[in-house]
Each structure stands twice: as structure tokens, then as C-alpha cells.
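Colleague: Protein chains in written order, with this note's numbering: chain A, 1 to 135; chain B, 1 to 145.
Just to be clear, a hint being listed does not mean it is correct.
Unchecked claim - Here are a few chain B residues that face chain A, going by a calculated C-beta distance under 8 Å: (1) Gly41; (2) Thr44; (3) Val58; (4) Lys73; (5) Glu81; (6) Val88; (7) Leu115.
Unchecked claim - Which chain B residues face chain A? A few, computed with CB under 7 Å, are given here: (8) Leu48; (9) Arg59; (10) Gly95; (11) Arg97; (12) Met99; (13) Gly129.
Unchecked claim - FRET-style restraints, in silico, Cβ to Cβ: (14) B/Glu140 to A/Asn95: 27 to 37 Å; (15) A/Leu5 to B/Phe47: 36 to 46 Å; (16) A/Phe105 to B/Phe47: 19 to 29 Å.
Note that these hints are calculated values from the structure, not bench results.
All C-beta atoms in this analysis are idealised placements derived from N, C-alpha and C, irrespective of residue type, glycine included.
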Amino acid sequence: MTLALDKPRTPRRPAARRNNWELASWVFMRVSGVALLVLVLGHLLIMNILDGGVHRINWGFVAGRWSSPFWQFWDLAMLWLAEIHGGNGLRTIINDYARKDATRFWLKVLLYVSMVLILALGTFVIFTFDPNFDA
Amino acid sequence: MLEAREPMSAEAAEVSRPSRRGTLYRGDPGMWSWVAHRITGVLTFFFLFAHVLDTALVRVSPQAYNEIIETYKTPLVNLMEVGLVGAVLYHALNGVRVMLVDFWAKGPRYQKQMLWGILVVWLLVMVPGAYFMLVRTVTEMFGGS
Ligand code: HEM
């Protein structure tokens with residue numbers, strides 16, 4: 001079975017857009033991917049695998065970690081990079097599969113709203129968490 | 001993900017025709033590795049949404065947070081955590097492979113070997129990883145003494 005694939009008819013293609021937004025997005029996926037390699041795999045290793053994993057996690061455990069600026073910064077960087085990396089990936093996927101302009105538009109509105117919500121809430125929690133909470 | 005083919009001249013197309021067997025992407029393991037990369041990426045993104053919401057309960061009260069985190073320790077959710085770790089690990093390893101295909105001169109030539117390579121690494125990490133994640137649940141369920 002041979003599959004005939006058409007070659008592009010025109011030898012001259014329009015010049016690339018001046019604005020290289022999609023290139024920046026492509027580069028960002030790779031740069032953030034390298035950072036997430038350490039941040040996310042380290043997070044999963046510590047939280048789920050080492051030293052009893054999820055069974056030792058409770059409010060006090062979180063309070064202990066977030067009393068250190070190192071882990072606060074780790075979690076903040078992981079939150080922003082993962083949310084934007086994943087959100088940007090989802091934008092690509094919406095572009096690939098949405099068939100109608102209206103569908104594509106509304107799916108992206110939903111995506112961007114959810115990203116802003118998660119970034120705002122997560123950042124707020126990391127910065128305002130009080131390890132000496134009295135119940 | 002894999003490089004796009006440049007439009008070929010008619011001559012070049014003639015020359016390359018006999019060796020076209022095996023160059024089509026569709027149905028190749030390379031295609032499935034991309035499908036899996038996409039699915040694991042979306043899955044992880046949706047989990048991140050839920051995970052930021054449940055962690056936000058630390059700001060509500062210790063009791064509220066402890067209650068939600070207890071559900072993470074139940075057998076079914078514990079098993080789903082193994083699935084999540086497996087999905088993220090595949091996505092991370094395959095992401096490295098994608099970057100090597102993009103930036104390493106020999107990457108495209110070795111893409112298939114690298115796919116088998118990351119699957120072996122995945123297995124080598126997941127076997128002990130799943131063990132440590134599940135021992136406690138399994139002993140509590142079946143080893144009860
Ligand atoms: C752990 C380290 C990670 C690495 C090394 C990594 C690497 C990559 C790379 C290189 C791409 C681009 C693929 C391409 O352009 O063809 C990508 C896409 C993507 N990533 Fe990640 N990633 C990581 C973590 C994450 C996380 C934590 C999430 C979710 C929050 C995520 C969600 C996605 C999504 C949704 C896509 C788009 C998939 C597609 O377009 O088919 N990734 N990843």
C-alpha cells in the first residue's frame with residue numbers, strides 16, 4: 001500500500017511572521033521542561049516515595065516544610081512553571097482539535113481563567129501560610 | 001515533534017521513492033510515544049488543578065487539611081498515585097528524548113533506541129517506586145497482625 005502525499009504546490013512560501021511568539025512558546029516548553037525535571041521529580045520522590053511517602057503527610061508536615069524559604073521557593077517555582085508549561089501545552093492541544101472558532105475561543109477562555117485562578121490561589125497560599133496557626 | 005519535511009524537488013522525490021518504506025510516521029512507535037506524551041501531560045495538568053485546591057486547605061485549618069490528606073492514604077487513591085507518578089515519569093523521560101531529538105545532531109537517528117531506553121529506565125524506577133508507595137497499604141490490608 002502506498003500512501004500518496006501531496007507536495008506543497010508553491011515553491012515560494014510567505015515569509016515567517018515577524019512576531020516569533022510560537023518560537024518563544026516552543027523554547028519555553030523546553031526550558032521549563034528541564035527545570036521541572038528537578039522540581040517535579042524531586043517533589044514526587046520526597047512526597048510519595050521516601051520515608052513513608054504520603055502516609056507521613058499532614059498539616060504539621062507542611063508547616064515544617066514551609067517554614068523554610070528554600071521549600072517555599074521550590075514550591076512557588078514549581079507552581080508557576082508547571083501551570084504555564086501545562087497550560088501552554090493545553091493551548092496547543094485546543095488549537096489542534098477544536099474545529100469551530102467559537103469552540104476554540106471558549107475553551108481558551110476557560111483554560112486561561114483556570115490558570116489565573118490556580119496561580120493566584122497557589123501563590124497566595126504559599127505567601128500567607130502561617131505555621132503557628134492556632135485552631 | 002519530529003522534524004517537518006522540506007518540500008522536495010521532483011528529482012529528489014524520484015531518488016528517495018524506493019527507500020520510502022518505513023519512513024511514514026503514522027502507526028510507528030514514534031507516533032504512540034507522542035500520543036502518550038500528550039495524554040500524560042493533560043492528565044498531570046488536571047491533577048495539578050485539583051492538587052492546588054486541596055493544598056489550599058492548609059490556609060483554612062489544620063483539621064480541614066488533615067481530613068483531605070487522609071483520603072490520599074486510602075487504598076484506591078494510593079493506587080492512583082502510583083499511576084500519576086508513572087504518568088509524570090514517562091512524560092519527563094520522553095520530554096528529555098524529545099529535546100535530544102531536537103538538539104542533538106544524532107537524536108533523530110536514535111529516536112527509536114532512545115524510546116526503548118526511556119521505557120527501560122521507567123521500569124527500573126517504577127518497580128522499587130511502586131513498592132515503596134504501596135508497602136504500607138498492602139501490609140495493612142493483607143498482612144494484618
Ligand atoms: C517533569 C518534567 C517535564 C518535562 C521534561 C517536560 C517536557 C515537555 C516537552 C519537551 C514538551 C513539548 C513537546 C513538543 O513540543 O512536542 C512538553 C509538552 C507538554 N507538557 Fe511537559 N514536561 C514536564 C512536566 C510537565 C508537567 C508537570 C505538566 C502538567 C502540568 C506537563 C504538561 C505538558 C503538556 C500538556 C504538554 C503538551 C503536549 C502536546 O502538545 O502534545 N509537563 N513537555
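Colleague: Answer holds if the nearest beta-carbon of chain A is closer than 7 Å to that of B/Leu48; otherwise answer violated.
Modeller: Hint holds; B/Leu48 Cβ to chain A Cβ min 6 Å, cut 7 Å.
Colleague: Against chain A, with CB atoms and a cut of 7 Å, does the hint on B/Arg59 hold up?
Modeller: holds (5 Å)
Colleague: Taking the CB of A/Leu5 and the CB of B/Phe47, does the distance hold inside 36 to 46 Å?
Modeller: holds (38 Å)
Colleague: Restraint: B/Lys73 near chain A, CB-CB cut 8 Å. Satisfied or not?
Modeller: holds (6 Å)
Colleague: For the restraint on B/Met99, tell me whether the closest CB of chain A is nearer than 7 Å.
Modeller: holds (6 Å)
Colleague: Against chain A, run the beta carbon of B/Val58 and see if the smallest gap drops under 8 Å.
Modeller: Where the cut-off is 8 Å and the nearest Cβ of chain A is about 5 Å from B/Val58, the hint holds.
Colleague: Take the C-beta atom of B/Glu140 and the C-beta atom of A/Asn95, compute their distance, and say whether it sits inside 27 to 37 Å.
Modeller: Between B/Glu140 and A/Asn95, where Cβ atoms are some 46 Å apart, the hint is violated.
Colleague: Was the hint right that B/Gly129 lines chain A, CB cutoff 7 Å?
Modeller: holds (5 Å)
Colleague: Honestly, do A/Phe105 and B/Phe47 meet the 19 to 29 Å range at C-beta?
Modeller: holds (26 Å)
Colleague: Hint validation: B/Arg97 versus chain A, beta carbon distance must be below 7 Å. Holds or violated?
Modeller: violated (11 Å)
Colleague: Tell me if the interface restraint on B/Val88 is satisfied: Cβ within less than 8 Å of some Cβ in chain A.
Modeller: holds (6 Å)
Colleague: Please verify that hint: B/Thr44, Cβ, nearest Cβ of chain A, below 8 Å or not.
Modeller: Cβ of B/Thr44 sits 7 Å from chain A, so the hint holds.
The structure shown violates the earlier hints numbered 7, 11 and 14.
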